[in-house]
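These protein sequence lines are chains S and A, in that order. Per our numbering, the very first residue in the first sequence carries number 1; after that it's consecutive. Per our numbering, the very first residue in the second sequence carries number 1; after that it's consecutive.
Derived by calculation from the structure, the hints in this document are not laboratory data. Ideal Cβ placement from N, Cα and C applies to all residues, glycine included. Some hints could be false.
Chain A is faced by these chain S residues, among others (derived, beta-carbon under 8 Å) [to be verified]:
#1 PRO79
#2 PRO80
#3 ARG90
#4 PHE92
Which stretches of chain A does chain S cover? Using the computed rule of at least three CB atoms under 8 Å from a CB of chain S, they are [to be verified]:
#5 198-206
#6 229-240
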Amino acid sequence: MTDATAPEAPLLRIDTLTKTFGGFVALDNINVEIRKGERFGLIGPNGSGKTTLVNCISGALRPNRGAVLFAGEDITPLPPNLRSHRGIARSFQIPRPFRSMTVLENLMVALDFAAHGHLFETEQHRREAAMVILNRIGLAAKAFTPTTTLTQVELRKMELARAMATGPKLLISDEAMAGLSASEVDEVLDLLMSLCGEDIAIIMIEHIMQAVMRFSERVMCLDAGKIIAIGAPAEVMANPRVQEAYLGT
Amino acid sequence: MRRGSIAFWFGAVVFLAVALALTQTLQNEYPFFAGYVILQFIVLSVAWTILGGYAGYVNFGTNAFFGVGVYTAVLLVQVFQAPLVVQILTAAAVGSLLGLGVGLLTLRMRGIFFSIATIALAIIIETSITNWRFVGGAAGIQLQRPPVTAPFDSYVKLLFFVQAVLVVIAVAVTRFIQNSRIGRGLQALRDDELAAECMGVPTLRLKLLACVISGALISAGGAPAAMYLQYANPDTAFDLNYSISVLAMSLIGGTAHWIGPVLGAILLGTTQQFLQVTISSEVNVLVLGIMLVVFVIAAPRGIIGLVARVAGKGGRA
């Protein structure tokens with residue numbers, strides 16, 4: 001709505017998506033389009049369906065109705081690994097590292113099985129690619145540390161690094177900044193911004209409002225599985241329904 | 001890696017050469033009779049580790065795969081006196097099909113539920129065999145060994161060498177999986193299946209592959225048992241002790257590296273053989289249980305975990 005320029009084919013299109021758990025409607029008829037390289041903020045109170053939407057996009061959940069289109073193709077029936085190959089990556093709200101591995105090995109999993117694997121034919125190439133990503137995110141010093149000894153903050157960074165290692169076109173960051181200090185938030189924001197500069201679209205789910213406001217070109221607010229506002233960050237924040245959803249009546 | 005491969009294959013050749021030399025020099029049959037069982041357990045434990053260790057799906061149905069191997073051999077002998085090689089290859093094929101079936105279970109079941117399902121599978125197959133008269137039914141069936149061939153002077157020695165070859169095959173396959181991307185994918189899905197899937201790991205395909213390979217190797221390892229015992233009945237072919245022993249051997253050895261189940265099988269297998277002769281076969285199970293408890297408490301990552309801890313760093317391939 002805020003973008004005057006009509007985008008070409010959107011990168012991601014969510015079409016009349018509905019997801020229910022028993023009688024509970026977690027997502028109710030969601031329609032939204034995200035274009036290449038867009039910085040998209042997703043907000044909403046707890047339980048409003050943000051993570052369910054992420055799960056439907058990444059393939060962890062199948063919607064009851066509607067479709068997810070990626071780069072013009074219907075990917076609704078695809079399992080998560082094929083979606084990952086097409087370019088959808090995510091971090092998890094609660095970090096899910098491969099616990100028996102080091103940080104570097106965690107990234108190696110993504111690189112070993114990535115669709116762009118042919119670019120890194122040898123183990124050595126993949127190792128170097130992983131180190132480049134770790135350098136970028138500031139975890140290079142921890143490359144050979146077992147993930148079990150990482151702090152929460154480091155785990156969140158590793159989640160992002162691992163998602164980046166899949167070579168995504170769309171990266172979904174599910175509360176990657178929870179628990180980070182102000183300077184660390186800035187650090188991660190800068191990183192995500194630079195990714196968008198490389199034409200990677202990013203959906204950022206976040207409770208830190210300053211971060212969302214600074215980062216996003218558009219913000220969408222969910223409440224009880226419905227879109228209650230979408231548009232420029234300032235507009236959405238000023239929306240009385242958004243304020244009501246967040247602050248209660 | 002390259003250098004490691006040379007060392008590995010050199011070791012394999014030496015192992016087979018020693019096994020062959022022993023069959024040519026030792027007159028007494030007993031060492032081969034006992035050694036066969038230990039080699040057999042190495043095959044079973046290493047094969048079990050692909051699914052139970054690397055992928056983290058604890059298969060309690062080792063006896064199902066073993067029994068299927070035995071009865072595939074029995075059936076082939078009954079139908080057309082098939083030679084041993086054909087028995088083993090066919091058993092591997094049937095075992096891989098059974099593995100595929102078990103693999104499909106992993107679609108819906110994980111953890112303890114998967115393990116219980118594999119026990120159920122073993123019981124179903126055993127019951128079917130028990131009611132199949134052509135292969136002997138509940139009473140079992142006597143088998144006639146064919147005359148022994150060329151360099152060997154007794155069939156037990158031949159079987160010993162055949163099982164040694166199977167050990168090399170099983171270890172080579174398992175080692176390949178461990179060192180390839182498949183190994184890392186299995187490790188990832190064991191740690192966190194959803195995260196692995198979202199990182200692009202084709203978890204279902206890898207699980208099916210692990211089940212098929214593990215199943216084929218276990219059934220192949222079981223096939224010669226028909227000729228070894230010259231007798232097969234459902235009770236012994238589908239003995240739950242196979243599952244328990246193999247589980248104990250793998251866990252006691254450690255499942256992070258293929259050498260773990262090899263060490264575990266040698267350690268426990270030798271102990272079992274020794275106890276069987278000196279005390280009784282019933283004590284076996286008791287000792288197995290005690291060792292398992294001790295290891296679970298003292299060295300949860302098995303012998304290789306213990307060694308790695310002493311050496312002060314993680315084990316490498």
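Supplied contact hint for S/PRO80, tested at 8 Å Cβ to chain A: Where the cut-off is 8 Å and the nearest Cβ of chain A is about 4 Å from S/PRO80, the hint holds.
Status of the S/ARG90 interface restraint (C-beta, 8 Å, chain A): At about 6 Å, which falls below the 8 Å cut-off, the nearest Cβ of chain A leaves the hint on S/ARG90 intact, so it holds.
Minimum Cβ distance from S/PRO79 to chain A below 8 Å? With a closest approach of 7 Å, the S/PRO79 hint holds.
S/PHE92 as chain A interface residue, shortest Cβ-Cβ below 8 Å: holds (7 Å)
Within the assertion that chain S covers the stretch 198-206 of chain A, do at least three residues meet a Cβ-to-Cβ distance smaller than 8 Å? holds (count 7)
Are 3 or more residues of the stretch 229-240 of chain A near chain S, judged by a Cβ distance of less than 8 Å? Our answer is that it is violated, as 0 residues pass the Cβ test (under 8 Å) against chain S, missing three.
Against the hints set out earlier in the document, a violation occurs for number 6 only.
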